[in-house]
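In case you want the letters, here they are:
2 protein chains.
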Amino acid sequence: MKIVIIGIGLIGGSMARDMRTALPGAAILGMDRNADHLREAESIGLIDREARPEDLAGADLVVVSIPVNHITEQLPGILDAVGDDTLVIDAGSTKGPICQSVSGHPKRRNFLACHPIAGTEFTGPGAAVSGLFQDKVNIICEVEQTAFKIQERALELFHKLGMRIRYMNPEAHDRHIAYVSHLSHISSFMLGKTVIEKEQNERDIFDMAGSGFESTVRLAKSSPAMWTPIFEQNKENVLETLDEYIANLRDFRDKLQAGAYEDLYQQMDHTNRIRDILKGIPSNKNNS
Amino acid sequence: MKIVIIGIGLIGGSMARDMRTALPGAAILGMDRNADHLREAESIGLIDREARPEDLAGADLVVVSIPVNHITEQLPGILDAVGDDTLVIDAGSTKGPICQSVSGHPKRRNFLACHPIAGTEFTGPGAAVSGLFQDKVNIICEVEQTAFKIQERALELFHKLGMRIRYMNPEAHDRHIAYVSHLSHISSFMLGKTVIEKEQNERDIFDMAGSGFESTVRLAKSSPAMWTPIFEQNKENVLETLDEYIANLRDFRDKLQAGAYEDLYQQMDHTNRIRDILKGIPSNKNNS
Chain A
1 MKIVIIGIGL IGGSMARDMR TALPGAAILG MDRNADHLRE AESIGLIDRE
51 ARPEDLAGAD LVVVSIPVNH ITEQLPGILD AVGDDTLVID AGSTKGPICQ
101 SVSGHPKRRN FLACHPIAGT EFTGPGAAVS GLFQDKVNII CEVEQTAFKI
151 QERALELFHK LGMRIRYMNP EAHDRHIAYV SHLSHISSFM LGKTVIEKEQ
201 NERDIFDMAG SGFESTVRLA KSSPAMWTPI FEQNKENVLE TLDEYIANLR
251 DFRDKLQAGA YEDLYQQMDH TNRIRDILKG IPSNKNNS
Chain B
1 MKIVIIGIGL IGGSMARDMR TALPGAAILG MDRNADHLRE AESIGLIDRE
51 ARPEDLAGAD LVVVSIPVNH ITEQLPGILD AVGDDTLVID AGSTKGPICQ
101 SVSGHPKRRN FLACHPIAGT EFTGPGAAVS GLFQDKVNII CEVEQTAFKI
151 QERALELFHK LGMRIRYMNP EAHDRHIAYV SHLSHISSFM LGKTVIEKEQ
201 NERDIFDMAG SGFESTVRLA KSSPAMWTPI FEQNKENVLE TLDEYIANLR
251 DFRDKLQAGA YEDLYQQMDH TNRIRDILKG IPSNKNNS
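Just so you know, the protein sequences line up as chains A and B, in that order. Position one of the first sequence corresponds to residue 1 (this note's numbering), numbered consecutively onward. Position one of the second sequence corresponds to residue 1 (this note's numbering), numbered consecutively onward.
Please note that the accuracy of each hint is not assured.
Copies of one chain are not kept apart here, so a pair can be met inside one copy or by any two copies together.
What the hints assert, rightly or not - Straight-line distance between alpha carbons at most 25 angstroms, and here's what the computed DSS-like set of lysine-lysine pairs gives:
#1 K107 with K255
#2 K2 with K149
#3 K149 with K255
#4 K160 with K255
#5 K149 with K107
Read the hints as simulated data drawn from the structure, not as lab findings.
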């Protein structure tokens with residue numbers, strides 16, 4: 001079995017780690033624009049060697065785990081190059097533009113659009129960990145566009161990685177993920193920005209920061225190279241979530257100014273329902 | 001040695017746990033408006049028995065770990081009741097109003113205003129854990145208002161609990177803590193509110209939430225009874241942080257709408273500096 005991982009970072013590298021166990025004997029090859037990442041991935045055993053372009057034609061599985069702007073640019077060419085029986089999966093956080101980029105492609109049936117809801121705020125092959133996908137949800141979009149035999153092999157792989165499958169259309173995926181992922185990243189980045197700006201005038205402010213602050217700004221460590229194109233590709237949905245978030249913050253601010261404390265109490269009390277909701281989310285042991 | 005803990009919840013209970021080890025043989029008594037909490041604290045051994053009002057006069061140490069509105073209401077009466085040699089400390093997240101509430105009190109010199117930067121999003125005696133204060137910062141305000149001998153005993157206690165001491169005036173404390181603690185809680189509560197509101201129309205949205213969302217909304221599990229009075233007492237500073245946070249979010253939103261992606265990239269890249277800043281914050285092993 002020959003596997004080519006395009007983008008051997010946190011996601012591609014973690015998948016490689018699990019596939020070493022789940023698919024013993026498979027040859028795992030890697031491609032990456034970053035030569036240092038490629039060398040590191042080989043030296044720590046994530047991949048057996050660098051993949052050459054001609055490896056795509058004979059690959060059983062190609063994993064495309066690169067920033068979403070690179071997926072939409074490169075996916076048509078990747079499909080051009082793969083064999084008739086190659087399964088191609090992606091791991092992008094936007095699904096509409098990615099599905100659109102290969103709509104009508106002669107090898108569209110070789111591609112399965114995926115979004116594994118797994119990750120950490122770290123990047124690169126050194127951030128790759130085993131078991132990252134265990135019990136995590138993998139959202140599959142436009143499953144009906146993928147050849148049945150190819151689907152079957154993908155599901156077998158996801159089963160071996162321990163993933164829970166959900167099917168969704170790309171529009172619903174992009175709308176929902178804006179709320180539960182993209183907005184969290186912006187709220188965290190802007191919180192970090194606000195406090196760093198303040199710190200420029202007030203020394204030692206971070207000496208007062210506790211674990212609550214740490215948790216809330218954790219996502220502000222995330223890679224701008226990964227996230228800028230996600231916000232661009234999911235712009236309309238992200239703008240909607242931002243407008244609602246800002247409106248809620250403004251309302252809280254105005255009620256605080258007006259001294260409407262009972263109202264603030266009720267808002268927070270109602271939001272405590274998040275306790276029960278979060279119980280349903282598998283935690284990520286690999287979080288910092 | 002006789003210790004009275006007023007408010008035997010997460011903070012008071014965790015202090016009681018550490019004092020069992022640090023001060024063997026000390027009698028630890030508790031007061032709490034919540035009779036269930038009092039019974040629970042006794043049954044799990046946090047306290048030896050309920051404190052009676054007359055216990056205050058003979059106490060060596062009184063810990064006031066109740067919501068900040070109750071501190072400002074009750075602290076003058078507590079000082080009235082304690083002995084001439086009793087050390088009284090609080091753990092409130094606002095320091096200006098608390099110091100103000102006992103300014104000029106005949107026993108002001110028995111009180112040391114403290115804010116241990118430690119906690120979790122849980123509440124009540126069942127949430128109390130050992131070692132919560134180890135390596136955490138304890139901010140002391142208006143130290144010069146406290147009798148020297150009383151200060152000395154407080155510092156000895158904090159040393160035994162493993163805390164790092166910082167001195168600050170109440171105004172600076174309240175201004176800085178608004179940024180690194182109070183704002184985080186509001187950003188998290190409003191993120192939870194925004195997503196819960198969306199979920200009312202869109203089922204299964206939380207099935208798509210990963211560990212990033214979990215981390216960012218963790219503080220939205222916090223107690224409204226504790227946080228509403230904090231926001232009220234620190235209203236002016238909190239309003240300032242909210243205005244700056246909302247302005248940053250609006251700017252991000254407008255730049256996204258305008259397609260100024262390079263600018264968004266730069267903002268996020270600059271905010272990645274939070275990685276180095278967070279390395280200086282001791283993690284809390286007791287976080288969920």
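Now for the hints, and whether the structure bears them out:
1. K107 with K255: neither (56 angstroms within a copy, 37 angstroms between copies)
2. K2 with K149: within (17 angstroms within a copy, 74 angstroms between copies)
3. K149 with K255: Neither: 57 angstroms inside a chain and 44 angstroms across chains, both beyond 25 angstroms.
4. K160 with K255: The answer is neither: 51 angstroms in one copy and 42 angstroms across copies each exceed 25 angstroms.
5. K149 with K107: within (14 angstroms within a copy, 81 angstroms between copies)
Consistency with the previously given hints fails for numbers 1, 3, 4, ordered from lowest to highest.
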